[in-house]
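Asks: Sequence:
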Amino acid sequence: MEIHIEKCSAWCGNLRTSQDWQQWALGEMQYKDEDDLPGLKEIPAMQRRRLSKFAKLTMQCVLETLADEKETLPCVFSSRHGDLHKTSKLIEDVAKKSDLSPTHFGLSVHNAVAGLYSIFSNNKQPMTATSAGEDSLLMALVDGYAKLESRQLDKILVVYTDEIVPEKYSSYVSDAEKTMSVALLLTRQKSEYVFTLNFKPQKNKISSSIFQPLVFLSFLYGTESQVAIDSSRYQWHLSKV
1 MEIHIEKCSA WCGNLRTSQD WQQWALGEMQ YKDEDDLPGL KEIPAMQRRR LSKFAKLTMQ
61 CVLETLADEK ETLPCVFSSR HGDLHKTSKL IEDVAKKSDL SPTHFGLSVH NAVAGLYSIF
121 SNNKQPMTAT SAGEDSLLMA LVDGYAKLES RQLDKILVVY TDEIVPEKYS SYVSDAEKTM
181 SVALLLTRQK SEYVFTLNFK PQKNKISSSI FQPLVFLSFL YGTESQVAID SSRYQWHLSK
241 V
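First residue of the sequence shown: 1, per UniProt numbering; consecutive thereafter.
You may find that some hints are simply not true.
Stated by the list, open to error - EDC-like mimics (lysine to aspartate or glutamate), calculated; alpha carbons at most 20 Å apart, straight line:
hint: 1; residue 1: LYS32; residue 2: GLU42
hint: 2; residue 1: LYS240; residue 2: ASP230
hint: 3; residue 1: LYS41; residue 2: GLU6
To be verified - Quick list of simulated restraints, FRET-style, between CB atoms:
hint: 4; residue 1: SER118; residue 2: THR223; range: 34 to 40 Å
hint: 5; residue 1: THR223; residue 2: LEU100; range: 47 to 53 Å
hint: 6; residue 1: ASN122; residue 2: GLN152; range: 20 to 26 Å
hint: 7; residue 1: GLN152; residue 2: ARG49; range: 38 to 44 Å
hint: 8; residue 1: LEU100; residue 2: ASN14; range: 32 to 38 Å
hint: 9; residue 1: GLY106; residue 2: VAL241; range: 40 to 46 Å
hint: 10; residue 1: SER174; residue 2: VAL241; range: 27 to 33 Å
hint: 11; residue 1: GLU2; residue 2: LYS97; range: 51 to 57 Å
hint: 12; residue 1: ALA45; residue 2: PHE105; range: 36 to 42 Å
hint: 13; residue 1: PRO201; residue 2: MET46; range: 46 to 52 Å
hint: 14; residue 1: ASN14; residue 2: ALA146; range: 31 to 37 Å
No lab work stands behind these hints, which were simulated from the structure alone. All values reported here derive from a predicted model rather than from experimental measurement. For every residue, glycine included, the Cβ atom is placed at its ideal position computed from N, Cα and C.
With the hints as constraints, model all of the structure from the sequences given.
Replies: In structure tokens, the structure reads:
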């Protein structure tokens, strides 16, 4: 499949602008862990106060990517863990037999941020929430491409967000995982970023120690013409056109 990306916005540590990502991909800028969150001044304070860190990062990348769009677009939201910090707190409350907050529960599910964005932007286009383990970003691209082509859409937004998991879950994931969000505007027209994406099942399961979103952004902004990515389930191959 040939994927055209018109615009990309990503936030991870100190890497927040296209220039930051380009310099990082070229080895001219080092990644640093930073906990600063976007201001999101365009969102009313009452709505902004309800947003978790996970939701704020997602909304920042979505709004930045769609800033120049005049029409609302279909969206694919993806995450491996979802807003796990919120979910983890709910699980602890269940264990303690404490009352659960319906609001907190409603905002912990995988499609919660899609709903928040839909309300804020009055976007009534179709939206889906996907999760595919460590392959969540790349599978979201596959989903976005399938919708784009099958429905003959002009554009579709693909979003991926995850946080570093709570400490109690850290032994189950790779140390390479970072807190980050990335929004990609896919189009069927000629665009700045064009690459082919192919994948097939992994014959021999392996233990992956990479963080796919960072590998993908290094490929997108860097000079490498192609990259192979192995996960425990799939072999991916990306090649610039």
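Asks: Against this structure, judge whether each hint is valid.
Replies: Status of the hints after comparison with the structure:
1. LYS32 with GLU42: violated (27 Å)
2. LYS240 with ASP230: holds (18 Å)
3. LYS41 with GLU6: This hinted pair is violated, its Cα atoms lying about 25 Å apart.
4. SER118 with THR223: 34 to 40 Å: Roughly 38 Å apart at Cβ, these two residues keep to the hinted range, so it holds.
5. THR223 with LEU100: 47 to 53 Å: holds (50 Å)
6. ASN122 with GLN152: 20 to 26 Å: Holds, at about 24 Å.
7. GLN152 with ARG49: 38 to 44 Å: holds (40 Å)
8. LEU100 with ASN14: 32 to 38 Å: holds (36 Å)
9. GLY106 with VAL241: 40 to 46 Å: 42 Å Cβ-Cβ, so the 40 to 46 Å window holds.
10. SER174 with VAL241: 27 to 33 Å: holds (30 Å)
11. GLU2 with LYS97: 51 to 57 Å: About 54 Å separates the Cβ atoms of GLU2 and LYS97, which means 51 to 57 Å holds.
12. ALA45 with PHE105: 36 to 42 Å: violated (23 Å)
13. PRO201 with MET46: 46 to 52 Å: holds (47 Å)
14. ASN14 with ALA146: 31 to 37 Å: The hinted range 31 to 37 Å holds for ASN14 and ALA146, with Cβ atoms some 34 Å apart.
Going down the numbered hints, you'll see the structure goes against 1, 3 and 12, while the others check out.
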